[in-house]
Amino acid sequence: MKTSKLSVYFVIALALALTFTGCKPKERPPTPLGDGTSGRTPGGNGGDTVIDPGVGPKVKTKGEGPNEVPLDPNQLSNKDLTGRTQNREMFQNETAYFEFDRATVKASETSKADAVAAKFKALSPAHDLLVEGHCDERGTEEYNRALGESRALALRLYLINAGVPASRVHTKSFGKDKPAAPGHDEAAWSKNRRGEFILILPK
Amino acid sequence: MKLLRLVACTLLILSLARFAPAAEELDISHEISVDGWPKPIPVSIAGFGPEVDATLKFDLTFMGFTFVAADKARYQISGSDQGRVEGRVLDMVTKKVTLAKAFTGSTTRSQTHALADDIAHTLTGRPGIAQSKIACKVQPTGYGPGEIFIADYDGHNVQPVTSDGVICSSPTWAGPSMLLYNSYKFEKADIFSHNLTTGARKAIARFPGSNMSPSASPDGKRVAMILSKGGSPNLYVADVDGANLKQLTTTREGESSPCWSPDGKMICFVSRQSGKAALYTVPADGGEMRRLPTAGISNPTEPDWSPDGKFVVFTANMGGFSICYVPVAGPNRGQATVLAAGEDGVWAPNSRAVIFSRTKNNQHVLSLLDVPTKQVKDCARISGHASQASWAR
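So the sequence lines, in the order shown, correspond to chains A and B.
Under our numbering, the first sequence is numbered contiguously, ending at residue 203.
Under our numbering, the second sequence is numbered contiguously, ending at residue 1393.
For the record, the hints were derived by calculation from the structure and aren't laboratory data.
Accuracy of the hints is not assured; some may be wrong.
Think about it this way: if two alpha-carbon atoms lie no more than 27 Å apart in a straight line, the pair counts; the simulated DSS-like pairs of lysine-lysine are [stated by the list, open to error]: (1) B:K1246 x A:K203; (2) A:K191 x B:K1246; (3) B:K1057 x B:K1276; (4) B:K1360 x A:K79; (5) A:K191 x B:K1202; (6) A:K178 x B:K1276; (7) A:K203 x B:K1202; (8) A:K191 x B:K1133; (9) B:K1057 x A:K106; (10) B:K1276 x A:K79; (11) A:K178 x B:K1246; (12) B:K1377 x A:K106; (13) B:K1265 x A:K79; (14) B:K1133 x A:K203.
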């Protein structure tokens, strides 16, 4: 009797263990950081830039020939866009929309991002591109600020995969601070969960 | 323009200087009785004019008191406000006067807050909150630039801190005269420190991408924040001047809204690692992310850890926003409770009241919640959308 009770517990424990290991979400690889970022702090005057992803400061020059400096598309560009003129009209028909609480680029929106990539690549390299991430009002403020940034980053990565140089795409999040539509229903919310593409003109 | 700014800055400094009312001891006998969350203490209040009476009751509501007729009171509070606020507390069990004080200087309102704090501290043993300050974000109705303001905890004495004409958000106190916040002054979200005494500002995180949601450690020496420079919004800590930056999380899905445990050893935050929002903790010096369950409640965001270390208050998003809280240790760890409709709750220094924002007529207003009794009262209206309160500690 005692033994059978024990074995019942054992089976339950085993089943639970299997259930939990089965449910464990897939480990995704962490986003690697370049050497240039860690430990460096921005300047006190507010005007300093911090990292330069194109330059590996710890790369040693050995022997002859050029050194290869790997560029990580996840690493953001440190270009300062302050004071540059924005063209918000050029890509206004390409605003990409998102599902509620999601930051993945929907299949329905990829043609817009492709169009942005094609138009942008045709311009001179002195142009930059800013992706603004926005959310609807149904998330809390700072949660949405991070979610909006994730949306902008997802679009940025899509553009990079479509051949846009990583150093020229920049991200910004407004969270729910700048809704496109003022309402409080799905009609408004669906217009507010968005990524806008803004052309930054040369200096 | 420069002169204007100088004048504005001087005014801010002057108004910030503490004109605390002077307390005059009359006769005191102490009775520190309460620990934990007891039932509100029944008191009666008599003798004050209507404004002082209302202010005193508002204050005491969030410090563990309820108001009854004199013959039902555990303590009878009596006093006057002719020229100065005077108050006496009579213990109806011992028949002794446990507190008797008069206040001079400053305003009648601040004299009243001082009396309320003395009553609360004497009768509950917990710090008073009526003289404490908050910082918050105020955005015009219809949206547009958001600016940081400071005010008394009840929404009175509002003073502007920023005038950047862009979105400023997420203020957090790093000591009694230092704020950290987000400003979009340089085109995107960066984190600034702002010395309220000198007006000096400094960008402490201005990395590529968004620099978001600063939270100062309880000792004011470090900051937890969300930076996207590595490709997704992740949790970092640094010294309060931005030095010694360290990355604490590396998920691709991203983190948001960190807060500190009162001993400064742990950080609680939101991660979307599992596909939707959930609360996690991580050691502030680095280590494993550990889930803080919120049983029965989904999409928890914007956590804040109580100064006594026992609870995390957070916002649940289940078709509308609710303020909830969850014990972080003990047998009920992870068992969450819904407290009130609203968002972004932050604990008062007495670990009892919570300030949060709720929507009234499509405007965000700041409100106070007495957690044990779930009583809610609105703060004085600031303007536009007021949200993201941070309590000075």
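Here is how each hint holds up against the structure:
Note on K1246 (chain B) and K203 (chain A): the hinted pairing is violated, with a Cα-Cα distance of about 34 Å set against a maximum of 27 Å. Distance hint between K191 (chain A) and K1246 (chain B) is unfulfilled; the C-alpha atoms sit about 37 Å from each other, more than 27 Å. The hinted pair formed by K1057 (chain B) and K1276 (chain B) fails the criterion: a straight-line CA distance of about 42 Å is larger than 27 Å. For the hint pairing K1360 (chain B) with K79 (chain A), the CA-to-CA distance comes to about 42 Å; that exceeds 27 Å, so the pair is violated.
Between K191 (chain A) and K1202 (chain B), the direct Cα distance comes to roughly 36 Å. Violation of the 27 Å bound is thereby established for this hinted pair. The hinted pair formed by K178 (chain A) and K1276 (chain B) meets the criterion: a straight-line CA distance of about 23 Å does not exceed 27 Å. About 26 Å separates the Cα atoms of K203 (chain A) and K1202 (chain B), which keeps this hinted pair within 27 Å; it holds. Taking the CA atoms of K191 (chain A) and K1133 (chain B), the gap is about 38 Å. The hint is violated against a cut of 27 Å.
Note on K1057 (chain B) and K106 (chain A): the hinted pairing is violated, with a Cα-Cα distance of about 54 Å set against a maximum of 27 Å. Taking the CA atoms of K1276 (chain B) and K79 (chain A), the gap is near 32 Å; set against the 27 Å cutoff, the hint is violated. A hinted pair counts as satisfied when its Cα atoms are at most 27 Å apart, and K178 (chain A) with K1246 (chain B) does not qualify at roughly 31 Å. At roughly 43 Å between alpha-carbon atoms, K1377 (chain B) and K106 (chain A) are farther apart than 27 Å, so this suggested pair is violated.
Taking the CA atoms of K1265 (chain B) and K79 (chain A), the gap is near 35 Å; set against the 27 Å cutoff, the hint is violated. For the hint pairing K1133 (chain B) with K203 (chain A), the CA-to-CA distance comes to about 44 Å; that exceeds 27 Å, so the pair is violated.
Hint violations for this structure: numbers 1, 2, 3, 4, 5, 8, 9, 10, 11, 12, 13, 14, all remaining hints satisfied.
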